[in-house]
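A.B. asks: Our numbering puts the first residue of the sequence shown at 1098, with every later residue one more than the last.
Just so you know, these hints were derived from the structure itself, not from any lab. Accuracy of the hints is not assured; some may be wrong.
Distance ranges between label pairs, derived from CB positions [claimed, not checked]: (1) 1238 to 1178: 35 to 45 angstroms; (2) 1135 to 1190: 32 to 42 angstroms; (3) 1258 to 1356: 34 to 44 angstroms; (4) 1113 to 1181: 15 to 25 angstroms; (5) 1374 to 1194: 37 to 47 angstroms; (6) 1240 to 1296: 14 to 24 angstroms.
Here a beta-carbon is modelled for each residue, glycine too, at the ideal position from N, C-alpha and C.
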Amino acid sequence: MDALRTNPAVPVTPKQIADECLRARDAGAAIVHIHVRHPETGEPSMEFALYEEVVNRIRDARSDVLINLTTGPGARFAPSDDNPMMANKESTMSTPDRRVEHVVSLLPDLCSLDIATMTFPSYAFVNLPAHLERMAAMIQAVGVKPELEVFDLGHVRLAANFVKRGIIKGRPLFQLCLGIPWSAPATAAGMLAMAGEMPPNAQWAAFGISSQEFPMVAQAVILGGNVRVGLEDNIYIGRGELATGNAPLVERAVKIIEALGSHVASPAEARAILELGPVRR
């Protein structure tokens, strides 16, 4: 909610979210990563109908952009002050099946899988290995590719173990999430350390939050990775200047990528690179 309160350009309703996805595609994005919010309160939501409307709106527009749905919600545990064994109202802990039901039904091209247990100021983000294995099995059983979101070095090692054991099948895709307190720093050293622990055949992308979003775009390109930008990670286009949407952030990233002599993949090229199946519409 902090980003929404600070920047009114953060989309809330399914129509706003879908429109932002389409504008990001027009600006050069090959993949759109989607969370949903309660249309009236703006609070993060896990409601299936909201995901369904967003996905249907994108597909009805006949867009070729690759759809990546989050599975992050449902892993928040905040202990009660009176009894730490019990969760307070801020908690959202859900079963693995509940966390991927929208993926299994809507069949996006990809979905995130957070290989992370970490702390935030008032809650813990809890992803037990057994739960992750169950989620990975259900995701891959319907032909969706998991994007392994890792926030620290140990997360990369756990994900690499999943790959080694065959829990994650095929060529793995990692997303290095940098700069979130208190996880891996958004630095060249942090990115290099995490990239060095990935399996040799892994594909990867990276992002930095807030003021490190664009420096990490450049760093990822230099190190041979892919990039992610968007209002989920950074609500500013410049110092003290709020971004008016996701598209300006994508446009800035495109300029950086091309200035470094690299190529911005189209959705069709990204689909081939990631070894995905045909478009689902």
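A.B. asks: Does each hint fit the structure? Answer for all of them.
C.D. replies: For each hint, the structure was consulted:
{"no.": "1", "hint": "1238 to 1178: 35 to 45 angstroms", "in the structure": "holds (41 angstroms)"}
{"no.": "2", "hint": "1135 to 1190: 32 to 42 angstroms", "in the structure": "violated (18 angstroms)"}
{"no.": "3", "hint": "1258 to 1356: 34 to 44 angstroms", "in the structure": "holds (37 angstroms)"}
{"no.": "4", "hint": "1113 to 1181: 15 to 25 angstroms", "in the structure": "violated (38 angstroms)"}
{"no.": "5", "hint": "1374 to 1194: 37 to 47 angstroms", "in the structure": "violated (23 angstroms)"}
{"no.": "6", "hint": "1240 to 1296: 14 to 24 angstroms", "in the structure": "holds (21 angstroms)"}
The structure is inconsistent with the numbered hints 2, 4 and 5, although it conforms to all the rest.
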